[in-house]
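Trainee: Note that the protein sequences, when read in sequence, are chains V and L. For the first sequence, the positions run 29 to 141 when the numbering used here is used. For the second sequence, the positions run 4 to 117 when the numbering used here is used.
Treat each hint with caution, since some may be false.
[Stated by the list, open to error] With a cut-off of at most 35 Å between alpha-carbon atoms, the simulated DSBU-like pairs for lysine-lysine come out as follows: (1) V/K42 - L/K112; (2) L/K71 - L/K59; (3) V/K42 - V/K99; (4) L/K74 - L/K59; (5) L/K71 - L/K109; (6) L/K59 - L/K112; (7) L/K112 - L/K74; (8) L/K71 - L/K45; (9) L/K59 - L/K116; (10) L/K45 - V/K99; (11) L/K116 - L/K45; (12) L/K45 - V/K85; (13) L/K59 - L/K109; (14) L/K59 - V/K39; (15) V/K85 - L/K59; (16) L/K109 - L/K74; (17) V/K42 - V/K85; (18) L/K116 - L/K74; (19) V/K85 - L/K109; (20) V/K99 - V/K39; (21) L/K59 - L/K45; (22) L/K112 - V/K39; (23) V/K85 - L/K112; (24) L/K116 - V/K85; (25) L/K45 - L/K112; (26) L/K71 - L/K116; (27) L/K109 - L/K45; (28) V/K42 - L/K45; (29) V/K39 - V/K85; (30) V/K42 - L/K74; (31) V/K39 - L/K71; (32) L/K74 - V/K39; (33) V/K85 - V/K99; (34) L/K112 - L/K71.
[What the hints assert, rightly or not] From the derived model, a few chain V residues whose C-beta atoms are all more than 10 Å from chain L: (35) V47; (36) H57; (37) Q69; (38) E96; (39) A116; (40) L119.
Don't read these hints as lab results, they were simulated from the structure. Idealized CB from N, CA, C, for every residue including glycine.
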Amino acid sequence: DTGVSQNPRHKITKRGQNVTFRCDPISEHNRLYWYRQTLGQGPEFLTYFQNEAQLEKSRLLSDRFSAERPKGSFSTLEIQRTEQGDSAMYLCASSLGGNNEQFFGPGTRLTVL
Amino acid sequence: GESVGLHLPTLSVQEGDNSIINCAYSNSASDYFIWYKQESGKGPQFIIDIRSNMDKRQGQRVTVLLNKTVKHLSLQIAATQPGDSAVYFCAEKGKAGSQGNLIFGKGTKLSVKP
């Protein structure tokens with residue numbers, strides 16, 4: 029257990045529905061990251077926050093995706109109008125500053141039917 | 004373009020032997036590299052990291068070697084144990100101008116035979 033928690037651990041939804049995932053980072057960590065991982069691949073960066081500011085977004089983050097970290101603590105990742113291609117493991121990580129190791133949570137596995 | 008990848012997708016070793024997992028990267032400007040271990044159904048777990056001003060770093064039973072000349076990174080696991088069975092990823096800090104993300108390779112699956 030790294031201290032980063034994610035909920036839910038699993039989510040099954042029908043195509044077209046909206047889903048929201050939550051990440052609680054290690055409490056003193058100011059940076060929070062979202063990654064997506066498909067089967068057999070390494071994690072791919074989506075976006076990251078420093079405190080409450082969203083500082084970088086990958087081109088993988090389409091306009092159907094939105095992430096927030098309103099108080100600089102927990103973060104949510106919402107996917108609107110889900111598509112089957114959104115099926116993946118969504119990983120959250122946190123770090124203290126930008127030059128230190130990132131600690132990953134257990135992930136939320138999304139299945140879009 | 005920049006990429007981080009691994010030479011072998013699978014590696015099978017006998018318990019007690021040493022394991023070597025390799026990784027090639029293409030961005031010569033990268034200055035921070037990390038090895039992660041990922042067990043089935045879990046998130047990646049940090050193993051060891053190395054910065055570009057070093058060529059070797061040792062941890063408990065693990066050693067990371069960095070060869071900047073050929074842009075090669077390796078992870079050595081001494082006395083491999085069944086609990087080491089997992090997928091191992093190398094990752095590099097994002098390209099210049101990117102302050103946050105890690106770029107991961109595809110991973111090597113390590114299987115330890117008892």
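Trainee: Looking at the structure, which of the earlier hints fail to hold?
Mentor: The structure conflicts with hints 14, 24, 30, 31, 32, 37 and 40, although it agrees with all the remaining ones.
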